[in-house]
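Chemist: Spelled out, the chains give:
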Amino acid sequence: MKTFKEKIGETSLQSLEALDLKILQVNIGYRCNLACKHCHVSGSPGRREVMDVMTAGQVIRVLTENPFETLDITGGAPELNPSLRTMIREARNAEKCVTVRTNLTVFFEERLESYPEWYREQSVDLIASLPFYLEEGVDRVRGTGTYKKSIEALKILNGLGYGTDSTGPSLSLVYNPQGMYLAPTQCTLEAEYRRELQERFGIAFTRLYTLSNMPIGRFREYLVRTGNFDKYMDKLAAAFNPATLSGIMCRHIVSVGWDGTLYDCDFNQALGHATMAGALKKIDDFDYAALVNRSISVDDHCYGCTAGQGSS
Amino acid sequence: MTEYYKAEDLEKFGDVGKHNPELFKKFIDWYTSSLEPGKLSKREKVLIGVGVAHVIQCPYCIDAYTKSCLEEGMSLEHITEAVHVASAVRGGASLIHTLQAHNAIDRNSL
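Top line first, the protein sequences correspond to chains A and B.
End of the first sequence = 312 in the working numbering, gap-free, step of one.
End of the second sequence = 1110 in the working numbering, gap-free, step of one.
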């Protein structure tokens, strides 16, 4: 297998550079109420890495002082960070779009029940993990009972207008394979998700994203444990599609880790590969002009974002 | 059976072509083309594949087409339905031969 860097060298691009910088993605901690088998940050209730108030404040300062359009918040479960509401409120006051990547089940945790309604009030776009439309596929990856809670959460969101009111904030669902195979095409599976969720539960949503599992974090541990790591990497590399390179996430965002370190994407963040933009390693050093022209730090896990139709 | 069927042999399918590459290439071209989406979608084609794989009881094909079904976003529900269709056709093919027995009885009876 060629390295990803070699593969990029064979394309007309030669190397991967940032194209624009409209999205500030921030991982506000690895703590999660779930411990999904495919999680690339190995999130779980036992993780202690959570963004503190001061760093969250710096993120908002950077967001509002620079021409970002969107704050994209991920985790762990972002709702488990007490700074989340303040961050969203300040971002919305600055007229920035806000997207939160939620696992849905967290809405049933104590003191977090009001989040769906509050998200709607703040016009937060939601990207919700639902690895499959059937119970067995979801519970196998995310834990027993997860599917039923996810369905209940989606019904609540629908009741608030998410997925049902096209003029309101969006509700996107995320499929990911429940094993070491690649994701199907988005349009094919989206139609099936719509039909199945509508027929079974009357649930609607805005769009479906199909993502491949990244060979890092807990999913990498599974691949190594079962002797399938090399086979999966070969599969990703064989499916390399140069057409994905213009839309690949890292060329349009910068990612801030829970401790304020700057990365090219959330996957590099999980691996600890900081951005290569000179000395700009921390949010304190944030320099929009330097970051918008930076070279992206790549490694073989990047094959996960360029396989097939792309996955980020 | 394990001495006959080894999962890793599936990856060595290309070895079949060693002693007649020309014919094997023709097979691979045909095989690949037949699975390309046409009037039927890729999903429909791999579902046919998984059904046939079970009826011909080929462990390699079952392995390969089950994975293909997963990669097309299908579940065990889809696969099970396809296998029932293929098995029912196979069952029907056996049952229809009862008419051969009926005819044989007619031919051999007073």
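It should be emphasised that the hints constitute simulated quantities derived from the structure, not laboratory data.
Hints are not guaranteed to be accurate.
One side only, chain B facing chain A, incomplete, derived with CB under 8 Å [stated by the list, open to error]:
hint, residue
1, Lys1039
2, Glu1044
3, Lys1045
4, Asp1063
5, Leu1070
6, Gly1073
7, Glu1077
8, His1084
Just so it is clear, the structure is predicted and the values come from calculations on it, not from any experiment.
Just so you know, even glycine gets a beta-carbon here, dropped at the ideal spot from N, CA and C.
Chemist: Against each hint, give a clear statement of whether it holds in the structure.
Modeler: Hint by hint, here is what the structure shows:
Below 8 Å, beta-carbon pairs count as interface contacts, and B/Lys1039 has none with chain A, the closest being about 16 Å; its hint is therefore violated. Interface restraint check: B/Glu1044 against chain A, minimum CB-CB distance 11 Å, threshold 8 Å, status violated. For B/Lys1045, the interface hint is violated, since its Cβ never comes within 8 Å of a Cβ in chain A; the closest pair sits about 13 Å apart. About 12 Å separates the beta-carbon of B/Asp1063 from the nearest beta-carbon of chain A, more than 8 Å, and the hint is not met.
Hint status for B/Leu1070: holds, given a least beta-carbon distance of 5 Å to chain A, under 8 Å. Restraint check, B/Gly1073 versus chain A: the minimum CB separation of about 4 Å is within 8 Å; hint holds. For the restraint placing B/Glu1077 at the interface with chain A, the shortest Cβ-Cβ distance is roughly 7 Å, inside the 8 Å limit, so the hint holds. Because the smallest distance between the Cβ of B/His1084 and any Cβ of chain A comes to about 18 Å, over 8 Å, the interface hint for this residue is violated.
Consistency note: the structure conflicts with the earlier hints numbered 1, 2, 3, 4 and 8.
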